[in-house]
Structures are given as structure tokens and as C-alpha cells.
Amino acid sequence: MNAISQLGFDVTRIRRDFPILSEKIRGKDLVFLDSGASAQKPVVVMEAMLHAMQHQYANVHRGLHWMSERTTEAYEETRDSIARLLNAADRSEIVFTHNSTEAFNLVAHSFGRGVLKPGQAVVVSEMEHHANLVPWQMLRDAHGVELRIAPITDAGELDMAGLESLLGDGKVGLVSITHMSNVLGTYTPAERIVKLAHAYGAKVMLDGSQAVVHRAVDVQALDVDFYTFTGHKLYGPTGIGALYGKRELLDSMPPFMGGGDMIGSVTYQKSTWAETPHKFEAGTPAILEGIGLNAAIKYVEAIGYPAIAAHETALTEHALARLSSIDGVNLFGRAQDRGGVISFTLDGAHAHDVATLLDRQGIAVRAGHHCAEPLMHRLGVQSTARASFGVYTTLEEIDALADTLVRVREFFQ
Amino acid sequence: MFEDLRDLYQEVILDRGRKPHHGRRLETFDAQAKGDNPMCGDRVTVFLRRDDGRVQELGFEARGCAISVASADLMADAVIGHTPDEIRAMAESFVDMARTGVSDDAALETLRPLAGVHDYPSRVKCATLPWAALQAALDGAAEGVATSE
Ligand SMILES: Cc1ncc(COP(=O)(O)O)c(C=O)c1O
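As given, the protein sequences belong to chains A and B, one line each in that order. Under the working numbering, think of the first position of the first sequence as 1, with each following residue one higher. Under the working numbering, think of the first position of the second sequence as 1, with each following residue one higher.
In case anyone wonders, no lab produced these hints; they're calculated from the structure. Backbone N, C-alpha and C define an ideal beta-carbon position, used for all residues, glycine too. There could be a bad hint or two in this list.
Said to hold, decoys possible - Straight-line distance between alpha carbons at most 20 Å, and here's what the computed SDA-like set of lysine to any residue pairs gives: (1) B:19 x A:348; (2) B:19 x A:411; (3) B:34 x A:377; (4) A:24 x B:119; (5) A:28 x B:119; (6) A:28 x B:4; (7) A:24 x B:34; (8) A:24 x B:19; (9) B:19 x A:382; (10) A:28 x B:3; (11) A:24 x B:4; (12) A:24 x B:2; (13) B:19 x A:347; (14) B:34 x A:382; (15) B:19 x A:413; (16) A:298 x A:72; (17) A:270 x A:254; (18) B:34 x A:254; (19) A:28 x B:5; (20) A:28 x B:2; (21) A:28 x B:1; (22) B:19 x A:412; (23) A:246 x A:115; (24) B:19 x A:410; (25) B:19 x A:115; (26) A:28 x B:19; (27) A:24 x B:3; (28) B:19 x A:328; (29) B:34 x A:381.
Claimed, not checked - Across the chosen pairs, the derived CB separations fall in these ranges: (30) A:258 x B:122: 33 to 41 Å; (31) A:50 x B:2: 36 to 44 Å; (32) B:30 x A:324: 31 to 39 Å; (33) A:58 x B:122: 55 to 63 Å; (34) A:407 x B:51: 46 to 54 Å; (35) A:302 x B:2: 38 to 46 Å; (36) B:92 x A:306: 24 to 32 Å; (37) A:58 x B:105: 56 to 64 Å; (38) B:18 x A:283: 50 to 58 Å.
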């Protein structure tokens, strides 16, 4: 942990920012190892939302009065923060969405139907969340775009040669791949994926839902075309997320949903669209959640990605060492570059039973298919249990998981 | 460490979950149906053979937790020899017991070990999934999706 404390990372202090962590579950300390599904919120996020509701709230972009102007400023400041977080070249390249799922649906609709031509293809990988699969299936069925699946290796890494062979015929218009798997913890080689896809004339979208929680992302350095993340996994509120898109791409795309806020002018004959990014933001947005997300981003920036990443590495190494030394525990994914999401099964016990027993000791893990059913088939299992980490996770919590798993195994023997 | 879980995981549930007596596809059957729990990926397929208006044999293939497998197995014991109407009534009482933890239905005697699920709202549907599949099979449907609502 020395390297981490040198970076000024003090997990005890951080835990104080998350009041929920001192809750007891049936008299036991909460050991929250389900941050990959949704992270807990620091006080600053709650305060920002509460402050807005108590002192400064009205609808945005439409009032001429003080309250609306101040609220619009606060909400729009979040766009600046997201642009800074992802190192976007311009704030207009940040589209607010409700979550990553909406971002995929937006791109599948507006880029998929508006820019891709029937007969072109979209590539996803074998380790995608359903959010980065189902919208493309819908596009395929509605618009005649082919859907291709890039293989992963047995270690749980993207098979780059396999990906390249899918690109060979030049039909692929978009490669949409996770930046970090929510099941295997694998980080994909984003820069290489982008270079490869661009060499074959394809655009690239990356699913940063998990990655942005642990690592600094630089969309310009990656030269990626679209990037998405979801606020609630980044210590922010639910109901707010973002899509980054290169300006000229967003400009070339038709709107997603129609309604208020996304128009230039409206008559019964015809409407014109607002400028990018507003043409993709129909209706009253998640104002309070956007304000909360800004606080979350600043919170993450204040800790700093070098410290966050070092902490994640220490936790992951410790967890892999502890869990792999338990008889009967099977770990999934052996990627060289992997992070704080660990899926496992226990011989003789179904993942749900494991989760129920862990829960009795206050340990929260997720069990199931993790919204990645095709990946479960690839791994040859129906479900796994999954422990995932956040900035507040401690080595002791991982020890609690490991120690309890030994007892769970005995229970089912 | 898990003493308080013995209510949920009674010996018979662990036993049947591990080594079900009826966990096989029947060689001859006249109805089959699948129960799917899309939230967690559990699946039970029930096969049944009827004669004289009564269920003579029931087998199942399950992928799921100890609770869902044990529930399917105890269900098979309980329904063999009964008519579809009797089984539908049992299913109704069973679902009720899984939610509330109690039942005064004498027909459920051997199923009582499963009453413990009522304390675990997310697990109620594990116990009721096989019954949803069985009802679908009796109704001649191919699929029954279990919901706990
Ligand atoms: C890798 C990945 N992609 C997409 C999502 C979808 O996020 P949301 O449900 O917030 O849209 C998740 C989270 O569930 C995820 O882990």
C-alpha cells in the first residue's frame, strides 16, 4: 500500500465521505463489493443536489429569470467537467444522456440509421454488456446492417487478429467495444483498437462504463469517435450519463428523440434542429442529477486517477491472490491488463446461493449473468458471482470475502 | 457462521439441491414446459406423463440454485398421483406460502421446508419457478415465466 499512500490516498478518510458504508446489515458491517453495478455516493454529491433543491432550482435553457439562469449555469458546468474528464476538444462534443444504455441507443439510432447504410456492418465483442449488443441487434433487424462478433481469447482478452479478420472486407462502419469488461475486468487495448479500425475505415465507440471509474480517459489521445459512461457508477446519481462524439460526426447525425429543447424552430410543416449537442437532448433533462454528477467528477479529480488506479491495482492483486488460493474457487478472466472486477464460481454451490450466504455476513456481491448472457455461454457457465471495487474498498474487505467463502464452501459440502 | 440460514437451507433442501430424485428428462412424456427467470438466468424444464387424468411421472432438467432444484424435486414428489386441478390448487397455495411463510394447506406438508424463502424476497422466485413451468405444461403452453409479483 506504500505506493498508494505516497499518492496521498487515505482509504479511511475516503470512507468517511460515504456515510452509507457505516450501515450495519443484520448487525454486521456492510462489506460493499458491488460497486461495478452501481457505486455509493459521497456526501458532496448529496449536498450538491440538496443545495440546488433548497436554493437554486428551475428548469434549464428556457427561463429568463434568475433561478433558471443560475440552474442552467450549474447544469451546463457539468458538460465542461465531463469534457475535462474525458479530455474532449470541445464541450459541444458532450451529449447528456440518462445512462450508457441510452448513449448506445442514441448512436445505434442516429449514427446507425442516419449514417450507416444497409449492407454495412457493426462489430461488437464477445464480452459486451447487453447495452452494447441489443441496440445493434435492433439496428440490424430494422436497417439491414450486419452485426459481427469479435472473439475473445480464453484468457478473456480481445482477440485482435480475430477483430482484424472481421474488418477485412471493408464493410464495417463501426466497431463498438467495451473499454473494460464488467464481468472479466479486462481492459481492452483501446488505442490499438482505434488504430486498427480506422485503418479499415471504421469508426469506433468505446463503452467506458467501468473503465472511467478507475482510469484516466483521453478521447483525443485515443482518437476514439464515440465514448460513453454512466454517472451512477462514477459515484454520481442515477439517471445521468454522457456520450462523447467527435463534433463532425455528431453534426452529421440526425437527432435521436424529438421534443422540446432539441429544436431550432417549429412550425406544423417543419422543424429545424438545435445545434450539436442540444439536438440530441430532447425534453427536460436530469437537472439535479447533472448537478450531482459534476460534484462526483470533481470528487474523483480531487483524489486523482493515479491514486485511484494504484489503489485498484493493489486491491485486484490482493483479491486475485486470496481468491485463487481457495480450493474450489474458479476465477474467470486472466487478462494481462485487468482491473477491480472479479467473477468467480464456487464448486458445489450455485452463484445465487453463494451470494445469499455472503449477504448473511453483510457482504454484498452480485450474482447472475451480469447483463452479459452471450459471454456466460462463452465461459461455459450460467452465472457467476462477482466482486467489484470502488475507491472506498479496503484490503480487509477482500479478506472478509475470502474468509467467508471458505465457510460457504464448507456449508455446501 | 450461517446458523440463521438453516431456515432457508434446511438439510432436505441441500440434499435435494445436490442430488435430486427426479432430475431427468423422461423417456416418454406427454407434456413439457420451460420456466425461465430472465433476471438471473435460472431455467427449469418440466416433463410429465399423465394417465387416467393424473400425473403419473414428472422429471425435470434444471440449471439453477439449490433452492430452485430442491423445489422442483419436492414438487415432483408432491404432485405425482394428482389431477391437474389438484395441482393447480397446490401451486396456488405454494406460491402463497413462499411469499408469506405460512400455509394451512395440508397438501403442502412435504413442501414446508421451502417456506423459509419468504424471508429472502429475491429468492422467492427461485422456489416458485418450477411451479410456473409445471402449470405451463398442464396448460399446454411451452413456456412459463416465473415472477414473484
Ligand atoms: C460495461 C457496461 N456497459 C454498460 C452498462 C450499462 O449501464 P447503465 O445501465 O447505467 O446504462 C454497464 C452497467 O450495468 C456496464 O457495466
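Notebook entry, point to check: Out of the numbered hints, which ones does the structure contradict?
Noted result: 7, 8, 18, 25, 26, 32, 33 and 36
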